[in-house]
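Number of protein chains: 2
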Amino acid sequence: MSIVVVGTLAFDSIQTPFGRVERILGGSANHFSMAAHYFTSIKMVGVIGDDFPQEHLMYLTDRKICTKGIQKIRGKSFFWEGLYESDMNQAKTLITELNVLEQFNPILPADYRQSDCLFLANFDPELQLSVLDQVGAPSLVACDTMNFWIERKREALEAVLKRIHLLLLNEGEAKLLTGESNLIRAIKKMTQLGPKMIIIKRGEYGAMLYFQGTISILPAYPLEEVRDPTGAGDAFAGGVMGYLAKHRNYLNEHIVRRAMMYGTVMASFNIEDFSFNRLKELSWKAVEERYLQLKQVISL
Amino acid sequence: MSIVVVGTLAFDSIQTPFGRVERILGGSANHFSMAAHYFTSIKMVGVIGDDFPQEHLMYLTDRKICTKGIQKIRGKSFFWEGLYESDMNQAKTLITELNVLEQFNPILPADYRQSDCLFLANFDPELQLSVLDQVGAPSLVACDTMNFWIERKREALEAVLKRIHLLLLNEGEAKLLTGESNLIRAIKKMTQLGPKMIIIKRGEYGAMLYFQGTISILPAYPLEEVRDPTGAGDAFAGGVMGYLAKHRNYLNEHIVRRAMMYGTVMASFNIEDFSFNRLKELSWKAVEERYLQLKQVISL
Numbered sequence: 000m001s002i003v004v005v006g007t008l009a010f011d012s013i014q015t016p017f018g019r020v021e022r023i024l025g026g027s028a029n030h031f032s033m034a035a036h037y038f039t040s041i042k043m044v045g046v047i048g049d050d051f052p053q054e055h056l057m058y059l060t061d062r063k064i065c066t067k068g069i070q071k072i073r074g075k076s077f078f079w080e081g082l083y084e085s086d087m088n089q090a091k092t093l094i095t096e097l098n099v100l101e102q103f104n105p106i107l108p109a110d111y112r113q114s115d116c117l118f119l120a121n122f123d124p125e126l127q128l129s130v131l132d133q134v135g136a137p138s139l140v141a142c143d144t145m146n147f148w149i150e151r152k153r154e155a156l157e158a159v160l161k162r163i164h165l166l167l168l169n170e171g172e173a174k175l176l177t178g179e180s181n182l183i184r185a186i187k188k189m190t191q192l193g194p195k196m197i198i199i200k201r202g203e204y205g206a207m208l209y210f211q212g213t214i215s216i217l218p219a220y221p222l223e224e225v226r227d228p229t230g231a232g233d234a235f236a237g238g239v240m241g242y243l244a245k246h247r248n249y250l251n252e253h254i255v256r257r258a259m260m261y262g263t264v265m266a267s268f269n270i271e272d273f274s275f276n277r278l279k280e281l282s283w284k285a286v287e288e289r290y291l292q293l294k295q296v297i298s299l
Numbered sequence: 000m001s002i003v004v005v006g007t008l009a010f011d012s013i014q015t016p017f018g019r020v021e022r023i024l025g026g027s028a029n030h031f032s033m034a035a036h037y038f039t040s041i042k043m044v045g046v047i048g049d050d051f052p053q054e055h056l057m058y059l060t061d062r063k064i065c066t067k068g069i070q071k072i073r074g075k076s077f078f079w080e081g082l083y084e085s086d087m088n089q090a091k092t093l094i095t096e097l098n099v100l101e102q103f104n105p106i107l108p109a110d111y112r113q114s115d116c117l118f119l120a121n122f123d124p125e126l127q128l129s130v131l132d133q134v135g136a137p138s139l140v141a142c143d144t145m146n147f148w149i150e151r152k153r154e155a156l157e158a159v160l161k162r163i164h165l166l167l168l169n170e171g172e173a174k175l176l177t178g179e180s181n182l183i184r185a186i187k188k189m190t191q192l193g194p195k196m197i198i199i200k201r202g203e204y205g206a207m208l209y210f211q212g213t214i215s216i217l218p219a220y221p222l223e224e225v226r227d228p229t230g231a232g233d234a235f236a237g238g239v240m241g242y243l244a245k246h247r248n249y250l251n252e253h254i255v256r257r258a259m260m261y262g263t264v265m266a267s268f269n270i271e272d273f274s275f276n277r278l279k280e281l282s283w284k285a286v287e288e289r290y291l292q293l294k295q296v297i298s299l
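Quick note, the sequences are listed as chains A and B, same order.
The numbering of the first sequence is numbering that gives the first Met the number 0, which starts it at 0 and goes up by one.
The numbering of the second sequence is numbering that gives the first Met the number 0, which starts it at 0 and goes up by one.
Bound conformation, chain A alone (with noise of 0.2 Å):
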């Protein structure tokens, strides 16, 4: 069962205290198929400027990662500048140049349309509604969101809610979207706007998953070093949808807790090195090896 995402790819400037990157590939579509592609294929939806390395696009049709949804448009890439100081859980931005990502109207291609797997990525939420509107009855659909939609355009956010099985955020924004400083109540209103699975991204503690009623929490994979948490909730996401597209079973509680059991393993290697690095160079056995650490990690 392959995935249709809709994101971005970017350029991106980092600052951490382990380093300063210039211009390196980014996105949330990016760093979602670096990891979801290990479980599944991937067709992705995006805009890039004419700047951006044609190279990258190869890399991706390599992997089998469908590229035609990504369009081409002169002008200049997305453009994200950021900074982590001691505190990798939260970056700073510095510089954030829309660019091509202005004009982007997100057109599927006819054969993603029927695709049961959507992934929609951080953006307008009224883009979102567009993607929505262009596919059929995917047995699963997720979203992410932040805080600028939230406060900026509720009402579109809201009319996604109501469209999609399965809401990623953090816990900020789950807090801001609900007004409610106790996740648990969080979840409780969230759950009211539509989505019927939750998850809570929470950065280095791990994330929280509602699921019919239950809460389940999974800590983050500790690391030794953490280059760039960049992409890390994108790599997240595409951990745990990559599981579920594979095992084509969107509400046992058990594949879904292992999903994201898989979302924390991806997110663990994108974190080790900068841009997604790490997830290019991996393979099965290491992300295998991984998943076994973390429920070593985890188990009574």
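Source of the hints: derived by calculation from the structure; they are not laboratory data.
Some hints here could point you the wrong way.
Copies of the same chain are indistinguishable here, so a pair counts whether it falls within one copy or spans any two.
Pairs of lysine-lysine, DSSO-like flavour, derived with a Cα cap of 27 Å [what the hints assert, rightly or not]:
| id | residue 1 | residue 2 |
| --- | --- | --- |
| 1 | K174 | K91 |
| 2 | K294 | K188 |
| 3 | K188 | K279 |
| 4 | K67 | K294 |
| 5 | K294 | K195 |
| 6 | K284 | K91 |
| 7 | K188 | K71 |
| 8 | K152 | K63 |
| 9 | K188 | K63 |
| 10 | K294 | K75 |
| 11 | K284 | K188 |
| 12 | K152 | K279 |
| 13 | K75 | K279 |
| 14 | K245 | K63 |
On a predicted model such as this, the values are computed, not experimentally measured, just so you know.
Given chain A, put chain B in place with the hints provided.
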């Protein structure tokens, strides 16, 4: 196997988003004992002023908590006033009146000295050393500490760390003690200071255990209402130590992980109400039920 606990008995005035309470019962030795006595018998050491309610000592005695080691001194009991704002993980100290605690010189009654299990709550490491000098060779010595001692009495604290088996402290303290911003590296450094077991308390995110080269992570029990986090760390320690003392087996990873689960359970009860009110009224059945619920939350 009984546990000797050395710590404070206090009056606390606390303000949280749920209300304000004046001069309720608190103190590390109290919170610890109220959690640990569900597992084994407790011998308390501490100091109170002549304003401390006799009924509380009688209440403890009724619960088979030995109060012989509690010295009564002319003057006022230790008083702390704190404020929790929307972030219930972090108290803001408004007032600390040491009062009789300034004259605290812990003396263990003769029948306490052969105890096999000792918990040194957070107090002056020079006094922690004096307690260690009074005991034989307990199989399990655990201690807690805080930033104040890490910064001001580092030498004495390091002498304590050489003589204990289990160190319990929170994330910020672990980072301050080691100068490491990464917890796994902080743990590695701390093991070089002495303790073979380390538990890092992470508030609403749970706890991390280091034991014989392996890391285990446990989330906190998810609660919809946290009324007052004061004493959660001591109630957690009470559950951990209580379980270990009951099972008389401190070197089995399985047992230590279970102990951490019971610590988590007891901490969750502690924070559901002000003071240790919720811990007062528990049944063993309620403890076991929550243990099973926690198991469910973390199960795959």
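Status of K63 relative to K188 across identical chains (alpha carbons, at most 27 Å): neither (39 Å within a copy, 45 Å between copies)
Identical-chain pair category, K245 with K63, by Cα at 27 Å: within (15 Å within a copy, 57 Å between copies)
Intra- versus inter-copy proximity for K279 and K152 (alpha-carbon distance at most 27 Å): neither (35 Å within a copy, 48 Å between copies)
Status of K188 relative to K294 across identical chains (alpha carbons, at most 27 Å): Classified as between: cross-chain Cα gap 25 Å, same-chain 31 Å, threshold 27 Å.
Intra- versus inter-subunit Cα pairing at 27 Å for K284 with K188: Answer is neither; intra-copy 40 Å and inter-copy 31 Å both fail.
Alpha-carbon proximity context of K188 and K71, limit 27 Å: neither (40 Å within a copy, 51 Å between copies)
Within, between, both or neither: K284, K91 at alpha-carbon 27 Å: neither (35 Å within a copy, 48 Å between copies)
Within, between, both or neither, where K294 and K75 count as close if Cα-Cα is 27 Å or less: neither (43 Å within a copy, 51 Å between copies)
Status of K63 relative to K152 across identical chains (alpha carbons, at most 27 Å): neither (35 Å within a copy, 60 Å between copies)
Intra/inter-copy verdict for K294 and K195 if alpha-carbon distance must be at most 27 Å: both (26 Å within a copy, 23 Å between copies)
Copy assignment of K75 with K279, given that the CA separation must stay at most 27 Å: within (25 Å within a copy, 65 Å between copies)
Alpha-carbon proximity context of K67 and K294, limit 27 Å: Classified as neither: same-chain Cα gap 37 Å, cross-chain 46 Å, threshold 27 Å.
In the structure shown, a violation is registered for the earlier hints numbered 3, 4, 6, 7, 8, 9, 10, 11 and 12, in ascending order.
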